[in-house]
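Engineer: In the order they appear, the protein sequences are chains A and B.
Under this note's numbering, the residue at position 50 of the first sequence is numbered 50, and the numbers go up by one with no gaps.
Under this note's numbering, the residue at position 234 of the second sequence is numbered 234, and the numbers go up by one with no gaps.
If you are wondering where the hints come from, they were derived from the structure by calculation, not from laboratory data.
Source: prediction; values computed, not measured.
Among the hints, erroneous ones may be present.
[Stated by the list, open to error] Per label pair, the in silico range of CB-to-CB distance:
| no. | chain 1 | residue 1 | chain 2 | residue 2 | range |
| --- | --- | --- | --- | --- | --- |
| 1 | B | G141 | A | A520 | 42 to 52 Å |
| 2 | A | E283 | B | D132 | 46 to 56 Å |
| 3 | A | E283 | B | D59 | 41 to 51 Å |
Glycine included, each C-beta is placed from N, C-alpha and C at the ideal position.
The residues making up each chain are set out below.
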Amino acid sequence: MIAVRVFRARWQAFRNTLLPRHGRRRSRRTGPSRAAAVLGLVLGLLSFAVVRELIGLLVSGGGGLHDAALAVAAIVNLTLVGLLVFDLHEGLSALLVDSDIDLLRRAPLGPASLLVLKLFDALPRTSLMLAVLVTPALFAFHAMFPLPGWSWLLVPVQLVALWATPLGLGIAGSLVLLRHVPARHAREALGLMSTLTLFALWMVNSFLLPRVGEPATSLSEVRVALARMSDATAPLPGAWMGHALERAVRGDVLHSLAATAMLLGYAAASVLVAVAVAKRDLEAVQTRILGGGMRHTGRVRARRPPRATGARSLLGAMITRDGVLLARHWTILGDLLVTAVLWTLLPIVVSPLFETSRPTLARAMLLALTVAIGNEIGARTLPLERGALAWARLAPNPPWRWLACRLASAGALAAVLLAIAAAGTARALDLDAGEIGALLAVVVPALGLALATGVWAGATFGDPRWTNPRAMLAPAGRVVSTLLLLVQGAAWLGLSGLAAVEHSGAVRELAVPIAATVAAALALVAFTDAARRLGRADLAEA
Amino acid sequence: MSAAVPLSVRSLTRRFGRFTAVDGLSLEVGPGEIVGFLGPNGAGKTTSLRCCCGLLRPDAGEITIAGASLHGQPLLARARLGFVPDQPLLYERLTAREFLDFIAALYHVPERLAVERAAEVLERLELGEAADELIETHSLGMRQKVSIAAALLHDPPLVMLDEPLVGLDPRAARALKDLLRERAARGFGVFVSTHLLDVAERLCDRVVVLNHGKTVAEGTLDALRGSRADATLEDVFLALTEETL
Chain A
1 MIAVRVFRAR WQAFRNTLLP RHGRRRSRRT GPSRAAAVLG LVLGLLSFAV
51 VRELIGLLVS GGGGLHDAAL AVAAIVNLTL VGLLVFDLHE GLSALLVDSD
101 IDLLRRAPLG PASLLVLKLF DALPRTSLML AVLVTPALFA FHAMFPLPGW
151 SWLLVPVQLV ALWATPLGLG IAGSLVLLRH VPARHAREAL GLMSTLTLFA
201 LWMVNSFLLP RVGEPATSLS EVRVALARMS DATAPLPGAW MGHALERAVR
251 GDVLHSLAAT AMLLGYAAAS VLVAVAVAKR DLEAVQTRIL GGGMRHTGRV
301 RARRPPRATG ARSLLGAMIT RDGVLLARHW TILGDLLVTA VLWTLLPIVV
351 SPLFETSRPT LARAMLLALT VAIGNEIGAR TLPLERGALA WARLAPNPPW
401 RWLACRLASA GALAAVLLAI AAAGTARALD LDAGEIGALL AVVVPALGLA
451 LATGVWAGAT FGDPRWTNPR AMLAPAGRVV STLLLLVQGA AWLGLSGLAA
501 VEHSGAVREL AVPIAATVAA ALALVAFTDA ARRLGRADLA EA
Chain B
1 MSAAVPLSVR SLTRRFGRFT AVDGLSLEVG PGEIVGFLGP NGAGKTTSLR
51 CCCGLLRPDA GEITIAGASL HGQPLLARAR LGFVPDQPLL YERLTAREFL
101 DFIAALYHVP ERLAVERAAE VLERLELGEA ADELIETHSL GMRQKVSIAA
151 ALLHDPPLVM LDEPLVGLDP RAARALKDLL RERAARGFGV FVSTHLLDVA
201 ERLCDRVVVL NHGKTVAEGT LDALRGSRAD ATLEDVFLAL TEETL
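All chains, please: the whole structure from these sequences, using the hints.
Structural biologist: This is the structure we're talking about:
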């Protein structure tokens, strides 16, 4: 009964957020939620178009229903991995650190009910990938191979099963892990887990991608690659989803239902495991996490700051503070280091797909790192401050000065990471001084622009209530930030390639200075807008 | 500087969409005066205070802090204001001392002076021993003490406090009240929002009662009591807020 009432309250909160009643005060989340809904719709349409094109190409290349089902199966499996990597922390946050956890723990709800309730709570936050990837893929499949009406009735069930399977297992595994992490580090562990999952995924990918990419020169070979992937992932839910679709199109009701039953079986098993673990560990883990900040034993004693006469400069104070904060927010620093490694490795991972010279590879590696690290650090700069960002408005300093100091502080960290990577790359690829100089001429403006656009994204989309170091921006902000990163990366790599082309001396000599000037102008625009937002926005979290 | 009126608010209005949270609020905090800001939940007290310190932008109205317009001379106005919000605005992974060191830099307070002032306030609020521990290990009351110390560090002519006694133990609450009285005795202004009517009754020289974003009463306690000499502030408050429902 209580659970039903709580569910009803959740529904009312959701409705009030998206569609506030006339004359009532609008929720702070109304705007972002509507923007996220529109963005989700756009992404869904984009996914639909891409998958329909892919299936169309497969069919035109001699493929059939089976190949289309394999393609959907691959998309489903990739989505489930993505859900684990990108959305598991949302489910865990809902279960462990949401603001209503204290209240719900006092209510007469068992761990199993609480788990189910909070899973439902996390649904909007964790179902985005299913909504914008899998659902459009199903429509795209239907566009080529129409599904019978009865099989559409199964789709919601299948989607729920696909959503619950990775989330249940992920939560169960996380609870077991968190039970054994020291309480003081439990919150960090939440963030670290998704970072490590991402790292592992990239490592696996770095071995798989060249192998999948190399032979894929024709559609028939894509079909072979899909078949190989299907064999390797046969036990996964995506394969059963593919079976269900293929059988439905063939009119084989029994086998389609059987495949759906398998999906439900996976989901049920996953949720049962999660419930069993929750019954045993949830209370203890919640206590550790909620109580972690209130412990008075084992306090960290900090070094006293040096005492000097005269006021410290704002820049000096900011750099000192950021250094201390980053050293203590070790999951954020770890995440940045992981990001640095991954983006540096990216060109090596894809290098088998292209013929690349040594300097080109080095340039690509450093540019990928520069744009990514600038963007990642810049975007975290303001949200890292959480509600204390209000001091930017309380203290007698203009917003641009605050932001300039933050940018300088972020730039110092990025420059250190970049210098280490540049030195390593130059040594590994045996670059001479001229090649290093040419590299820096592109890397420095790229870093400035990436930092400025990152800070702008943080000022525009920052979420002061973040619980995961990789999700300090609101969902829409993460999409915008990723797009900015990709556009800048592509532009700098393109420019770098253009400058390396030998046939036109004038273009080669002017391309980099012009690009640096344009980058400086764009960085100034981003910086100015971010400062304007910082100076004018209502700091409601304060 | 202390001769200027510490806080002057004229026709302050703030809306959230169609909802008007503060509707034409006007008030003053004079030199050496402690003014209480009272009102039921949702009356618009916190919104008013956030507008007065610059965290929220008013839709209309003029706010002057110790002679400096918050709109026209924002940096000067902010330098003359200390604000204690209802939720402490702290960096959890700094120690209290590191945090106050950073705040001193923000307000351009010489470091030696900042250290002395911080030590004095922290000592009086009995936080000295915990000052070198991470703020994330602090209780709500301890965080509130750090927040109070941060607001007083630059010795501003006006201090605004939003529910400052929440989480404080009786000894710290007493210490804070003494600190505020001492500031008033030096000619500085104190503007304190509270729902603790007995505190307002004992601490404040004057109160402003807000309901539905509008001032419903303003004056000394004696003036508000009017002919009902035996009435408590609670009686007066209930009568005022009931009348305007």
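Engineer: Now tell me if each hint is right for this structure.
Structural biologist: Verification of the supplied hints:
1. G141(B) / A520(A): 42 to 52 Å: holds, 49 Å
2. E283(A) / D132(B): 46 to 56 Å: Violated: the Cβ-Cβ distance is about 33 Å, outside 46 to 56 Å.
3. E283(A) / D59(B): 41 to 51 Å: With a Cβ separation near 47 Å, E283(A) and D59(B) satisfy 41 to 51 Å, so the hint holds.
In the structure shown, a violation is registered for the earlier hint numbered 2 alone.
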